[in-house]
Amino acid sequence: MFDDPMKNPRARRGRAPDVFRPGGWVPMREYAQGEAVDFAIVGTGAGGGTLACRLAERGFSVVAFDAGPYFRPLEDFASDESEQTKLYWTDDRIVDGENPLQMGSNNSGKAVGGSTVHFAMVSLRFRPDWFKSRSRLGYGADWPLDWREMWGYYTEVEQALKIAGPVSYPWGPHRPRYPYRAHPLNAAARALAQGCEAMGIRWTETPLATLSAPRGLAHPCVYRGFCVTGCSTNAKQSALVTWIPRAIAAGAEIRDLAMVGKIETGQAGLVTGLHYHREGAWHFQRARNVVVAGYAIETPRLLLNSANGRFPDGLANSSGLVGKNLMAQSNQAVWGVMDHEVRSYKGPPSLAITEHWNYEDSGKDFFGGYSYMSQGPLPQLWANTQMSAHGLWGSRLVAEMEDYNHVVGLKIVGEMLPQESNRVTLADEVDQYGLRIPRITYSWCDNDKRLIDHSLKFMTRALRAANARDLWTQDDDTCHLNGTARMGSAPESSVVDADCRSWDIPNLWICDGSVFPTVGGVNPSLTIQAIACRTADRIAALARRGELEADARVRA
Amino acid sequence: MTFCRSVRGRHGTNRPVTRRLAIGGQPRFFSSEEFQTVTAIASRIVPQPAARAPIPVASLVDDRLAGGASDGYRLAGMPRDGDAWRLGLKALDAEAKAAYDQPFHALAEGLQDTLLGRMQSGELKSPAWGSMAPQDFFKKRMARDVVLAYYAHPVAWSEIGWGGPASPRGYVRLDFDERDPWEAAEAGDGDEASIRRINRDVR
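Protein chains in written order, with the working numbering: chain A, 1 to 556; chain B, 1 to 203.
Worth double-checking, as some hints may not be accurate.
[Claimed, not checked] Reference listing, derived: stretches of chain A covered by chain B, where coverage requires no fewer than 3 residues with Cβ under 8 angstroms from a Cβ of chain B:
# : segment
1 : 48 to 54
2 : 89 to 103
3 : 175 to 186
4 : 400 to 407
5 : 460 to 471
6 : 502 to 511
Keep in mind that the hints were calculated from the coordinates and are not lab data. Ideal placement from N, C-alpha and C gives every residue a C-beta, glycine not left out.
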C-alpha cells in the first residue's frame with residue numbers, strides 16, 4: 001500500500017500525520033543531520049514524547065526518534081485484538097530466570113507514542129512515602145526527588161491529559177480536583193465496589209486518561225472497551241495525541257520507523273550524536289545532548305550496545321548498574337462467575353480501584369503495597385488466560401468460555417522489590433537490524449511472593465463477598481517495566497541524578513521508567529510523565545545558568 | 001449463549017475481519033503433513049460442534065506464521081515462533097509413534113488427548129524436543145496460537161455471546177444485567193422462543 005505506516009515513514013518532507021484528521025497532515029520542522037540539534041531523543045512514549053514536547057516548548061531544537069510507525073488512530077486502528085498486535089514491540093527477545101516475564105502485548109509498545117498507545121490509561125500518583133521508601137518504610141531505595149515537588153508535576157500532567165477522576169480521592173495528601181468528571185461504573189467495577197464495602201475498605205472511580213467530555217477535536221469515550229488494543233476514537237489521551245502534536249507545533253521533529261542502534265561518543269568522552277536505521281540505511285544525527293527514553297528493556301540495551309573503547313561496559317555504566325534492578329509489577333488476579341450478566345468488556349477495563357493496601361501498613365507480612373482494579377478482558381485475551389493460567393483446553397475450555405458475559409475479576413498492580421539479579425543483558429543473537437537482542441532475566445523474591453499471596457487471599461474474600469462463585473486465581477502475571485538505569489544521589493549507586501542526567505556523561509540523559517529506584521503499587525505512566533516535565537524544567541534552568549554545556553565541559 | 005453478531009463498523013475493522021473470513025485452503029507455512037497434525041491438534045484444543053461449518057483454526061494459525069508474525073519474546077532454549085512449531089510437531093509425532101506406533105493425526109481422539117495432557121504437564125521426555133520443554137511449547141506456543149486463532153473468529157464471538165467490535169457505536173448500558181439493544185440476549189431457561197424473537201433483529 002502506498003501509505004502503509006508500517007513500511008514507509010510518514011513524518012518527512014516537512015510534514016507529519018495529523019492524528020485528528022483521517023489523511024490529514026500538519027507542518028513539521030526538519031533538522032539537518034549534519035548540524036547538531038540541542039536534543040536527540042530516543043523514544044516517543046511517556047518519557048520521550050513528554051520531554052520532546054516540554055523541551056521544544058522551551059525553545060530547544062529537538063529531534064525525537066521512534067522505531068515504530070506513526071499512526072492516525074481514526075483510520076489506522078481496528079477494533080480487533082489480532083489486527084492491533086501491530087502496536088506491540090515484537091522484535092525478538094529472550095526471557096529467562098525463575099519467573100520469565102511475558103513481553104510483547106503485555107508491556108511493550110512500538111509506535112510513535114510508545115506504550116501509551118495501548119496502555120490501560122490508569123493514571124495514579126505515587127504514595128508520597130515511596131519516594132523515600134528506604135528511610136521511611138525500610139525497603140528498596142530512596143529517590144533523589146521530593147514528593148512535594150512531584151505533587152506539582154503530577155498536577156501538570158493530569159491537566160495536560162484531562163484525566164477523568166473522582167471529585168475527591170480517598171488516599172494520600174490533598175490533590176486538586178481531576179480536570180474531567182469520572183467515568184460511569186460498569187458492572188465489573190460495581191462488583192469491586194461491593195467487595196470493598198463488604199470488607200470495610202474504601203474504593204473509588206479510577207483516574208483515567210480517557211476523555212469523559214469533549215476536548216478539541218477528540219470526542220468523549222464511547223466505552224467500546226478496546227483500550228489496550230489502541231483507541232480508534234482518540235478519546236484515549238496517549239502521548240500520540242497529546243504531547244506529540246504539541247511537540248510538533250513547538251518545532252520538534254519526529255522521525256518514525258527510525259531504530260536507533262548506537263550512541264556515539266567523541267574524544268572528550270561526551271556524546272556526539274546517534275546512529276539510526278531508517279528507509280533501509282544507517283544514518284548519523286549529530287546532537288549536543290542525547291536522551292534515551294526507550295523504556296526499561298530498550299534503554300539499557302541501547303546503552304550496552306553503544307559500548308566502545310572508552311566505555312567498554314556500555315555508556316553511563318561506571319556503576320555497573322545499567323540493566324540491573326529491572327522491576328515489573330505483580331499482576332495476579334482472582335476470577336469468578338456471577339449469576340448476573342456482567343459484560344465486563346464494556347468501557348475502559350479498570351473503572352474502579354482500591355489503593356487500600358498501598359496506604360495501610362498494618363496487617364502486612366511484606367514490604368511495599370498493591371492496588372487492585374476491576375477487569376474487562378476481550379475474548380482472545382480471556383480465552384488465552386483460561387488456557388495458560390487456568391490450564392483449560394478442549395471441551396472444558398469451550399464450555400467455560402460460554403460464561404464470558406458472567407465473568408468478573410480483580411487484578412493487582414503490586415510492588416516488586418529491586419534486585420540486581422533481575423536484569424537486562426545482551427544475548428549473542430542479533431535482530432533484523434544486526435543489533436544484539438536483549439536477554440531479560442527475572443525471578444521473584446520472597447517478599448514479592450508474600451505480597452502476591454496476601455493480595456490473592458484478600459481479593460478472594462472480596463470477590464466472594466460480591467457473590468461471585470467458582471473462584472480461581474491467576475498466579476503468574478506481571479505488568480509494566482521499570483528500573484535498569486536508576487536515579488540516585490551518588491554515582492556509585494545510581495546511573496542518573498535527580499535531573500535524569502547520567503553521572504558519567506553529562507550530555508547523556510535517560511528519561512523513562514528506567515530511572516525508577518522503586519516501583520510502588522500503582523501504574524507508572526503518570527510518574528514517568530511527571531518526571532519528564534520536571535526534567536524539562538531542570539534542563540531549562542541549567543541552560544539559563546549556563547550549566548548545560550559549561551558543566552559538561554568541566555565534568556568531562 | 002447468543003446467536004447473532006455483526007462486523008459492521010468503520011472500515012478499519014471490516015478490513016482485517018473480512019480478510020480473516022476468507023482464510024482457508026492450502027497451507028502456506030506448514031507442509032501438508034505438518035498441517036494434518038496441526039488440524040488434529042486444533043480439533044482437540046478447541047473442539048467444534050458438528051452442526052455448523054468449522055472455523056478453519058489450523059489455516060488461521062498457518063496464516064499467522066506465513067505472515068511472519070511473532071509474540072516478540074521466547075523462553076531461553078525455545079526457537080522463534082515458526083521454528084518452535086516445526087520442532088514441536090516433529091516431537092509430538094515422535095511421541096505418538098513411540099507410544100502407539102502411529103502418527104499423532106491418526107490416533108483416536110482419546111489417545112490424542114492423553115498425549116496433549118502429558119505435554120501440558122511436562123511428562124513427555126522424547127529427545128526430539130531438543131532444548132524446548134514440551135509444557136512450554138504447549139502453553140506459550142501451540143495452545144496459545146490455536147486458542148487465539150479460534151477466538152479471533154466471529155463465529156466464536158457469537159458462541160460466547162460477545163457482539164463483536166462495538167465500533168464506532170460503543171455502549172451505553174454498562175450495569176449489571178444490562179444489554180445494549182444491538183447485542184444478543186442470553187437464552188434463558190425455557191424462554192427460547194421470545195429470545196429468538198429479540199435476537200432476530202440484533203446486529
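Hint check results:
1. 48 to 54: It is violated: at least three residues are needed, and the segment 48 to 54 of chain A offers just 0 whose Cβ sits closer than 8 angstroms to chain B.
2. 89 to 103: Our answer is that it holds, as 12 residues pass the Cβ test (under 8 angstroms) against chain B, meeting three.
3. 175 to 186: Coverage by chain B holds here, the residue count being 3 at a Cβ distance below 8 angstroms.
4. 400 to 407: holds (count 4)
5. 460 to 471: violated (count 0)
6. 502 to 511: violated (count 0)
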